[in-house]
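Trainee: Chains V and W, in that order, give the protein sequences. Going by this note's numbering, the first residue of the first sequence is number 94, and it counts up by one from there. Going by this note's numbering, the first residue of the second sequence is number 1388, and it counts up by one from there.
Check each hint, because a few of them may be wrong.
To be verified - Cut-off 20 Å, straight-line C-alpha distance, at most; resulting in silico cross-link-like pairs (DMTMM-like, lysine to aspartate or glutamate):
#1 V:K137 with W:E1438
#2 W:K1474 with V:E251
#3 V:K187 with V:E138
#4 W:K1474 with V:D178
#5 V:K190 with V:D178
Since the hints were made in silico from the structure, they are not lab data.
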Amino acid sequence: MAIHLYRIDDRLIHGQVVVGWGQPLNARFMVLVDDLVASSDWEKELYRMAVPPEMEIFFADVATAVRDHARYASDPRPGIVITGDIASMYRLVKGVKAIGSVNLGGIHHRAGRIQKLRYVFLTPDEERQLRELEAAGVEVTAQDVPSARARPLSEVLEGESP
Amino acid sequence: MNEEQGGGPGNPRAIVVGHGEFAGGLVSAVGQICGMADKLVVLSMMGMTPEDIESTIRGELDRTGARVIFTDLPAGSATIAARRIVKEDPGIVLVSGVNLATLLDFVFSTAASPTEAARAAAERGKASLIVVGR
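One chain only, chain W, in its complex shape:
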């Protein structure tokens, strides 16, 4: 687990969680590109039970006040855990299938709510997937 401090009041904050070192790698890339890794909390779920994953995410939401969870795979256990959390607290937003373009859009967002920021970021992330070649 790793969180750099920063992020002023009103700035969006989110938890990024995924397989292996996925979350740390993505957030490190955000930091390298724009220096705003402090808007994101990195969680790894290696070796955790489903209950541990869920309670760790809950704990980080409480601790940081983040309202958005980014996960890697729709089928991943982090996504399953996050969906359980969203069921209990519809104010939390889950975005699965996160990529670098999504996170970059999110950290720069000036949207009024985390939900709006997350939705716009997800659209940007989808649009960033392009195929070049025959």
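Same shape as in the complex, but just chain V:
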């Protein structure tokens, strides 16, 4: 499989993704899966300009990403799939059924979310969706950068001691 990382990150494309993960994975393409971004030419241009020239970027809403996943996965180049929220990744994983692991990379504080890690805050609904993914056999870990330890979901949900 050419896709080396399925990441949830509310900043979508940013330094940690493009450089922090993109460089060590030698990523040559990225699939940004987001219903809002996929529907706006301006948003697409905004993110297109944020990726380095050697990296191709595809935009898709969740339904399109489910449909086209096999094509992304058969691309011989290393790639990264990214969603901005858990709900989108949940729908993608449920639709594709071939995704074995999901990375929690940055889900920051918003109303209703409870802090689990420095960079992971979850609502009860989001927690439930992650538990469901894990119960379905998907490995869910939190890891902001490659040099950090991948923390299993059980550890994430326990939260971090202050």
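With chain V fixed as given, assemble chain W onto it according to the hints.
Mentor: Relative to the frame of chain V, chain W by itself:
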């Protein structure tokens, strides 16, 4: 967030924002070299959502009257947020990939507009990147 007061009327002012302590480090270096850190506002975006980053930058632009935003990486979330701001207010200028030479040129600039000051500073910053050795 940190801003030292100073900067007389008509002097360029800018917001510097980046990953980790990048902005604070750069502005501290400006202060050490020429004592003009007061022309620059430091923002850190650690732990912020994209919306928080954007609203924090907007708030500082309003508060200080700054018209220039310096960011570190073109792919950074601060740059993305700043580009959203520039889209709504083309009078704001964004320079990404900022380095110390850029900021030093900017704080000394006597250009008539923030745009001119930022463009000239960006050129100086590019020219400061040199490679020595085989």
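Trainee: Now tell me, hint by hint, if it's right for this structure.
Mentor: Hint check results:
1. V:K137 with W:E1438: Measuring from Cα to Cα gives roughly 17 Å; hence the hint holds.
2. W:K1474 with V:E251: Roughly 42 Å between the alpha carbons, so the hint for K1474 (chain W) and E251 (chain V) is violated.
3. V:K187 with V:E138: At roughly 29 Å apart (the allowed maximum being 20 Å), E138 (chain V) and K187 (chain V) break the hint.
4. W:K1474 with V:D178: Not satisfied, since the Cα-Cα distance of roughly 25 Å exceeds 20 Å.
5. V:K190 with V:D178: holds, 18 Å
Comparing the model with each earlier hint shows violations of hints 2, 3, 4; every other hint is respected.
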